[in-house]
Amino acid sequence: MSNADTLTSPARRRGGGVGDLLLSELALLFRRRRTWALLGALALIPVLLAVAVRLSGSGGGPSFVGDIAGNGLFTGFAAITVAVPLFLPLTVGVVAGDTIAGEASLGTLRYLLITPAGRIRLLLVKFAVAAAFCLAAALTVVVAGLLIGLALFPVGPVTLLSGTEIPAIDAVGRALLIAVHVAISLVGLTAIGVFISTLTDVPVGAMAATVVLSITAQILGSLSQLSALHPYLFSAHWFGFGDLLRDPISWASFGDNVVLQLGYAVVFGSLAMGRFVTRDILS
Amino acid sequence: MNPSVKRWAPFAAVPIIAVAAAIAIPMTTNAAQDLPEKTPQQLLEFVADSDVTAFSGEFTQTSDLGLPDLSSLGSGSTTGADGDGFMSALVELATTSNDARIYADAEQGARLQVLDQLDERDVIATADDGLWIYDSGEKTALHVTHEGSSDASTPPADVPTPSSVAEKLLDSVDDTTAVAVGSNGTVAGRDVYELVLTPRDETTLVGDVTISVDGETGMPLGIAVTAEGASSPAFSVAYTSVDYSTPDSSLFAFTPPAGVEVTEKAIPADAHSDDAAPDDSTTPGDAAPEAPDVTTTGAGWGTIVELAAGEASASLEGLDAITTPVDGGRVLSSSLVNVLITDDGRVFAGAVSVDALESAAR
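Chains A and B, in that order, are what the protein sequence lines are. So for the first sequence, full-length UniProt numbering puts the first residue at 1; every next one is plus one. So for the second sequence, full-length UniProt numbering puts the first residue at 1; every next one is plus one.
Don't take every hint at face value.
[As the list claims (entries may be wrong)] Calculated lysine to any residue pairs in the SDA-like style (CA-CA distance at most 25 Å, straight line):
#	chain 1	residue 1	chain 2	residue 2
1	B	K6	A	R121
2	B	K6	A	T200
3	B	K139	B	A258
4	B	K6	A	V266
The set of hints was computed from the structure by calculation and includes no laboratory data.
Full structure from sequences and hints, please.
Take a look at the structure:
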């Protein structure tokens, strides 16, 4: 995780308003080799899935994987199903956990705070950039899945869960909608990651804690004894994207998910602000 | 005041408000509403006169019978597309929660969608195309047609809808049941009357049954069964949203997609009425199709259902781990329903105590 190349980046020293700061932070994130490595690893999931199905030539397996051989567009659905429980939270944990703690460990945090943006705005910008990564990550999985499916398998009308067939172009639209749902689903985890990142100067600790929390939430979500708690877990609607593959689309879980993630963003966002505003910046 | 505490205060207040709102908002939605007062008798007639013929809605069914999770014992598919649906559908109803959508139109038919995570089970009943049962996970479809008759469509009965269960219950209201009007509430964003049915029968485990009736249309929107002495419902179905406009006709046309294994099944016209779900039962799950031979003893709330030795006991074999041995058999006990499996393979079930089941078995 060498950030040596980013230290000399002129963009971040430019200062100015929130817009400039946001642009420079976005550019910083997406110029990083680590970000591309994370996105590349995510893109590998559908490629591996498609190649495995192509080589073995057999159906069956978990949701959607068995459909890939008949219709390449299912690679996108299968890949996002595989990526949601572990790979996406892992990459989001890395990015969100690094936001503040990464700057602190490199000693660049105090320089960032010299800009007139102020601590709260810096935190908001850092959160927005991490949320943008969520969207990029989800889109990477889905788009890579659609492309590799297009390359290796025949493509045709897609059968929805309700048994209705829709044209291939509509299915691509639904796949992109799924990417949006999954990206929104990860906003709560991002807020938690940013909060943990304000607590420490050790970015690896914040990353690990975020990823562990995402796994803990899913374990709690699988215990039927805790069913009263389930609707409040940030992972409650992680697999709710299936509702976008019904006819007609069931928007209930999409809406519930937006409210839930917004709640997490507000709660952990303000905790992060409270911590970040009151903390002594020593590095 | 400590300066760091002072600076923390506004940031700490926001999460507290957010958490308080998350707890408080669901509670306030059940506040009492203004509806014209009705006596129990008027309310029963209101429901009977309800003229809703077309609607769509999403509903949730939950069961909290104090049973362990039996999902590993079921055969996975519970739509009955493979013919052994009855017992596994019962087991599923008793132990899990389901989200489902219903589209109904008296002129076109009805469609039920059970919304499983990343899967879906559909039941589509229309007057001219018979009954379709589709399972997206198993990739199977069952097409049931009635030979020589195309009269009334069979209502989808695999998962009880609030309306079908409530109407069934209200049909059986007689002098064994005390009917009262409870406090008004809100279901699916609509003001509802609450009709509380309390069994007069001392032997039953059912404490009371609460039926929520739409204050405008008279359609039952929710039903909750509470066991004797319990505070929260053991079984409930309630709409989370409901819409009284006519559903799109394309929803009732079903063509099995490519790659789906279709089973055709024709039922002779005269067997049609015998095939209906058994009545006189207080267990909503009994509405499942393809019931094995059933005899009932007792009446009203204390009814005991007896399944003949044979097919039913075979599908209950896996239950050994969670049943307790009693004199002459094994008992599966829950807060609302008890099941006695005798040593000779007969199965007795009812919302009554184990003692009552044992005496029925003798």
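We went through each hint and held it up to the structure:
1. K6/B - R121/A: holds (20 Å)
2. K6/B - T200/A: At roughly 22 Å apart (the allowed maximum being 25 Å), T200/A and K6/B satisfy the hint.
3. K139/B - A258/B: holds (10 Å)
4. K6/B - V266/A: holds (20 Å)
Violated hints are absent here; each numbered hint is respected by the structure.
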